[in-house]
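Residue numbers (the numbering used here), protein chains in the order written: chain A, 1237 to 1807; chain B, 7 to 381.
In case anyone wonders, no lab produced these hints; they're calculated from the structure. Any given hint could turn out to be false.
[What the hints assert, rightly or not] Label-pair ranges, simulated between beta-carbon atoms:
| # | chain 1 | residue 1 | chain 2 | residue 2 | range |
| --- | --- | --- | --- | --- | --- |
| 1 | A | SER1434 | B | VAL148 | 57 to 63 Å |
| 2 | B | PHE318 | A | LEU1431 | 28 to 34 Å |
| 3 | A | PHE1635 | B | ALA179 | 34 to 40 Å |
[What the hints assert, rightly or not] Residues of chain B clear of chain A, computed beta-carbon distances all greater than 12 Å:
| # | residue |
| --- | --- |
| 4 | SER84 |
| 5 | SER89 |
| 6 | ARG91 |
| 7 | GLN98 |
| 8 | GLY113 |
| 9 | GLY115 |
| 10 | GLN119 |
| 11 | THR166 |
| 12 | LEU170 |
| 13 | LEU171 |
| 14 | ASP174 |
| 15 | GLU257 |
In this text the structure is predicted, and so the values were computed from the model without any measurement. Note that the Cβ used here is the ideal one computed from N, Cα and C, for glycine as well.
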Amino acid sequence: MADLAPAASRAILSRRRGFPVPSENAVAGILVALLCVFLLISIALPLYALLSKSFQNASGEFVGLRNFAAYFANPILVDSLFNSLFIASLSTIIVIPLAFTYAYALTRTCMPAKALFYALALLPLFAPSLMSALSLVYIFGNQGFLRWMLMGNSIYGPIGIVIAQVTYTFPHAVLILVTALGLSDGRLYEVANALGTSKTRIFRTVTLPGAQYGLISATFVVFTLVITDFGIPKVIGGQYNVLATDVYRAVVGQQNFEMGAVVGMILLVPAVIAFGVDRIVNRRQVALLSARAVPYQPGPNRRRDIGFVIYCLVVAVLVAAALGVAVWASFIRYWPYNLSLTTANYNFPRFDPNGWGPYFTSLKLAVLASVIGTTVIFTGAYIIEKTKAFPFARGFAHFLAMMPVAVPGLVLGLGYVFFFNAPWNPLNIFYATLTILVVNTITHFFTVSHITALTALKQIDREFEAVSASLKVPFWNTFRRVTVPICLPSILDIAVYLFINAMTTVSAVIFLYGAQTKLASISIVHMDEAGFIAAAAAMATMIVATSVGVKILHILLDRYVLARFQFWRRK
Amino acid sequence: MSGTKTAGDKQPFLQIEHMTKRFGQFTALDRISLQIERGEFVCFLGPSGCGKTTLLRAIAGLDLQDEGRVTMDGRDVSFAPPSARDFGIVFQSYALFPNLTVSANVGYGLVNQRWSKSRIKERVTELLALVGLPDQGDKYPVQLSGGQQQRVALARALATSPGLLLLDEPLSALDARVRLRLREQIRDLQRDLGVTTIMVTHDQEEALTMADRIVVMNHGVIEQIGTPIEVYATPATAFVADFVGTMSFFEGTLQSSRKLKVAGIDLACSDDRGLAAGTKVTVGLRPEEVRVRDVTADTPNRVAVYIDDLEFMGAFCRARLLTVSGDVPILADFSVNLMRDMAVSVGKHLTVALPEQSLHVFATPIDELTTEEAA
Ligand SMILES: Nc1ncnc2c1ncn2[C@@H]1O[C@H](COP(=O)(O)OP(=O)(O)OP(=O)(O)O)[C@@H](O)[C@H]1O
Ligand SMILES: [Mg+2]
Chain A
1237 MADLAPAASR AILSRRRGFP VPSENAVAGI LVALLCVFLL ISIALPLYAL
1287 LSKSFQNASG EFVGLRNFAA YFANPILVDS LFNSLFIASL STIIVIPLAF
1337 TYAYALTRTC MPAKALFYAL ALLPLFAPSL MSALSLVYIF GNQGFLRWML
1387 MGNSIYGPIG IVIAQVTYTF PHAVLILVTA LGLSDGRLYE VANALGTSKT
1437 RIFRTVTLPG AQYGLISATF VVFTLVITDF GIPKVIGGQY NVLATDVYRA
1487 VVGQQNFEMG AVVGMILLVP AVIAFGVDRI VNRRQVALLS ARAVPYQPGP
1537 NRRRDIGFVI YCLVVAVLVA AALGVAVWAS FIRYWPYNLS LTTANYNFPR
1587 FDPNGWGPYF TSLKLAVLAS VIGTTVIFTG AYIIEKTKAF PFARGFAHFL
1637 AMMPVAVPGL VLGLGYVFFF NAPWNPLNIF YATLTILVVN TITHFFTVSH
1687 ITALTALKQI DREFEAVSAS LKVPFWNTFR RVTVPICLPS ILDIAVYLFI
1737 NAMTTVSAVI FLYGAQTKLA SISIVHMDEA GFIAAAAAMA TMIVATSVGV
1787 KILHILLDRY VLARFQFWRR K
Chain B
7 MSGTKTAGDK QPFLQIEHMT KRFGQFTALD RISLQIERGE FVCFLGPSGC
57 GKTTLLRAIA GLDLQDEGRV TMDGRDVSFA PPSARDFGIV FQSYALFPNL
107 TVSANVGYGL VNQRWSKSRI KERVTELLAL VGLPDQGDKY PVQLSGGQQQ
157 RVALARALAT SPGLLLLDEP LSALDARVRL RLREQIRDLQ RDLGVTTIMV
207 THDQEEALTM ADRIVVMNHG VIEQIGTPIE VYATPATAFV ADFVGTMSFF
257 EGTLQSSRKL KVAGIDLACS DDRGLAAGTK VTVGLRPEEV RVRDVTADTP
307 NRVAVYIDDL EFMGAFCRAR LLTVSGDVPI LADFSVNLMR DMAVSVGKHL
357 TVALPEQSLH VFATPIDELT TEEAA
C-alpha cells in the first residue's frame, strides 16, 4: 500500500495544523444550560410564583391556607366549582362515546372516504375554542333559526357551554382513540373468530380491553380541556359562572391575584392527574402490544359499513356546522333579517379600535413562535437525546420539557402574570410585549413538540455521533449536515403545530397581551363582549382560514417539495 | 505502511490496565488488562452480553470506563474524548449517513481536516477502489447492498488513516456467503495497510480465521488470550473449550500425576495443571479427536463404548457414545467413509481410543459448568 502512505502522513500533518475548535462537551454543556435556564424561566418559576401566590396575602405575607379557606367560604365561588365539575363531566360523558364510535369507524371498518372523515373530525383543531360558541349563538341564540328546539331554554348557559365543549374536544378525543384502536393485534381477532366467538363478545373481550387505556386517557384529557377552557364560557356562558371565567374576573377585573392563584391551583389538579394517568397509560399500552403483533385488517361488511358511514356523516356535518355557521354568518349583512352576503364584517376598524392589528399581531406571533420554537425545541431535543456529557443536566432539561403539558393555558398565563409582572423581577420589562407572548406560546406547546422531536431523533441511527467523533467531526456539523436533513419532515410538523396553536390559543395569552400586542383570538372576545358578533365570527374565520391554509401548504410541501429533497430514501 | 510504524518500538500499541465498567449494580467489565501490538488483528470473542462492545466503546472513548487506564501509542488517553483518540470505527449497523452520497460519506472526516476539494476527491476515489467499489461514489446508501454498505463504512473509517481500526460485529448483519467473502477482504486489507485492528464478534469461526490473537471473554472477564491455534488446542478454561469449537465434558478423578479415572476406566492424560491427586476434575475431549480406526490391544486409553445416538451433520456424523462401564457420554465425529467402512449404526459396540494429549483437564467440577457447556 505504498500509494496510501503519503496520504496517511499528510493526514496526520493537516490534523496537527488544524485550528482549535471549542470542545464539544463545552458546547453541549452551554446548550443544555441555556435550555434549562429557558425552561426554568418559562415554566418552573411561573408555576412556583402561582404556587406561592396562593399561600400569600395581597402584601406578600405567607398566610397558609387562608386564601383557600376564603375561597371555600364564598358560596358563589363554590358554585362555580360545582358548575365547572358538572360541565366537564357532562361534556366528557357525551364526547367519549361519540368519539369512540367515530374512531372505531375510522379504524375497524371498511367505510369509504376515511381520510376525509378524519380530516373533518379534526377541523375544530384549527379554530379557537370559542368559534363553535359563536356558531351556537347564531343557531340557537336570541335570533337563532333553531331557537324553538331549546323549548324555552336559553343557549346562554350550561346547554351552550356543553354543546360547544363537545365540538371543541371531539377532535382531541378522536386523535387519542384512533391511535389506541389502531394499536390492535389482528391475531387476537383471528383466534377469537376461529373459536366461534360472537361479535358482541369479541367487542367486550378483545376490542374494549385493547382500547381501555386510550379511553382512560381521552377521558382525562377531555375533562381537563373542558374545565380549563376559558373562551367558550366567556362567549356563551351567560350568567353561568365557571372556574375559568372566575379566574379571569378575579385577576383582570378585580386585580384579586390571591383568589386567581387559588382557582389556578384548583384547575391544576385535574390537569396534573390527567398527565400522570397519561404517562402510566402510555407505558401500559405499549406493553400491551407485543413486537409480534400484526395490525388488525378489517374485512368488508356492507351493513356495518353503511351504518358507520351514516353515523360519521351526521357527526361530521354537525362538527363542520359548528364552525361553518360562524363562517357563513360572518358574511351575512344582518342576521337573521337580511341574509344577503357582504364583507362588511371584515372591516374590523369599525368594531375594534385596533382594527386589523390583532390579526397581524397573531400572524407575527405565530411565525415567531413557530420559527424560534422549532429551533429551540429541536436543538434541545437533539442535545438531550444525542449528546453524552452532563447526564444530570440533560435529564433535568427533559423533566422540565415534559412539564408544560400538565399545565393548562389559563394556569400558565396566571403564572406568567405573577412571575413576569412582579415588581422585583427585572424581566418585567417584557410584560405585555410580543416577546413574552412568544415565550408563553412556545412553552405552552413545548411538550408535544419535544416528544415529536425525540421520536424522530430516536429513529435515526444511534451511532452517527460516535462515527463523527471518531472522524473528529464535531457534533454540530453532523447535526447540520445529517440530522436536520433527515428529520426535516418532523421539523416541519413541529413548526406547523406551533403555528396553528399560536393562531388559535386564547386562554394563556388573555392575561399577557398589551395595548400594542392584542391578538386576533382576544379581539374576538372583545368584539363579542361589545356585541359585534358578526365581526367576532369574521375574525374567527380569518384564524381558521389562516390555520387551514398553513396546514394545506404543509401537506403540499410535505408531499411535493420535501419528497424531492428526500430522494436518498428511495431505492 | 511505514507511515504509522516506528521502527524498534518495543511498547505495545494499545495497553489496557485494570479496566472496570459498571452499569448500576451490574459489572460489565471486571478489571480487564490487555496489550495489543502494532499492526495486530485482534478479535474479542464471547457470548452475547459478555462485555465485548462495552470494552470496544471504552477503548474508543465513546463510553468511559469507571476505573482503569488506556494507553494508545504511548499516550495516556484514559479520559480523552473520542475525537482526541486516533481510531476509525465500523458499527454493526454501519451508521452510514443516508442523506449523503457514498463519496460524501467516505470523505466525511476529510472535509473537516481542511483538505482541498481535489485532494479529498482523490483520496475518496483511492479508498473506494481499495474496498472494491470504484464506481459507486454517486449512489446513496439505500441503493447499495448490505455488503457494499459495509465496505463503504470501512472506507469511511479508514479515510483519515487512523492508527487503530475498531470493528463491532461488522459482518453479523450479512448473509452467510457475503460474510465469507468479506472476511477475506477485511483481513487482506488489514494486512496491506498494517493498521492495528480490533474486531468484536460472537462467531468463533470468524475469530479463528481472521485473528492474529483472540481475546475470549465471558461475564466481563477475559478467559483466555492467545493465537487461534492456542485457543483451540489448549483452551485455558472449560468455557473457552466449549465456546471455541465443540467439546464433550465428563467427570473424572485425578489418580496421580497424569493419571485419570473416569467411571472406573484408567486414562492417561498429558496435562493435569498441577492439581493434587484425588481432585475431582472435568475432562474435556473434542469430538474429532476420538479415534476409531487402528485401535489395537496395545493402543493406550482404550474405552469400550456403544453408540447411543447419531446426528447427521452433512460432511460428517456426530455420534453420542456411552461407555459400556458407567454410561459416560462422549461425543465423537465420524466421517462419512468411516461410517461406511465400520458399518456404524445406533447400538453398535466399538472400542475407541481417547488420545492422551487430547484429554483436557479442568479444575471446575462438572456440576458447576453451565448446562449449555456440560451438554
Ligand atoms: N447502557 C447500559 N446500561 C445498562 N447495562 C448495559 C448497558 N450497556 C450494556 N449493558 C450490559 O452490559 C453487558 C455487556 O454488554 P455489551 O453490549 O458489551 O455485550 P456484548 O458482549 O457486546 O454482547 P452482544 O454480542 O449481544 O453485542 C450486557 O449484559 C448488557 O446488558
Ligand atoms: Mg455487542
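Verification of the hints:
no. : hint                             : in the structure
1   : SER1434/A / VAL148/B: 57 to 63 Å : 48 Å, violated
2   : PHE318/B / LEU1431/A: 28 to 34 Å : 41 Å, violated
3   : PHE1635/A / ALA179/B: 34 to 40 Å : 36 Å, holds
4   : SER84                            : 16 Å, holds
5   : SER89                            : 5 Å, violated
6   : ARG91                            : 8 Å, violated
7   : GLN98                            : 9 Å, violated
8   : GLY113                           : 10 Å, violated
9   : GLY115                           : 3 Å, violated
10  : GLN119                           : 5 Å, violated
11  : THR166                           : 6 Å, violated
12  : LEU170                           : 10 Å, violated
13  : LEU171                           : 10 Å, violated
14  : ASP174                           : 9 Å, violated
15  : GLU257                           : 42 Å, holds
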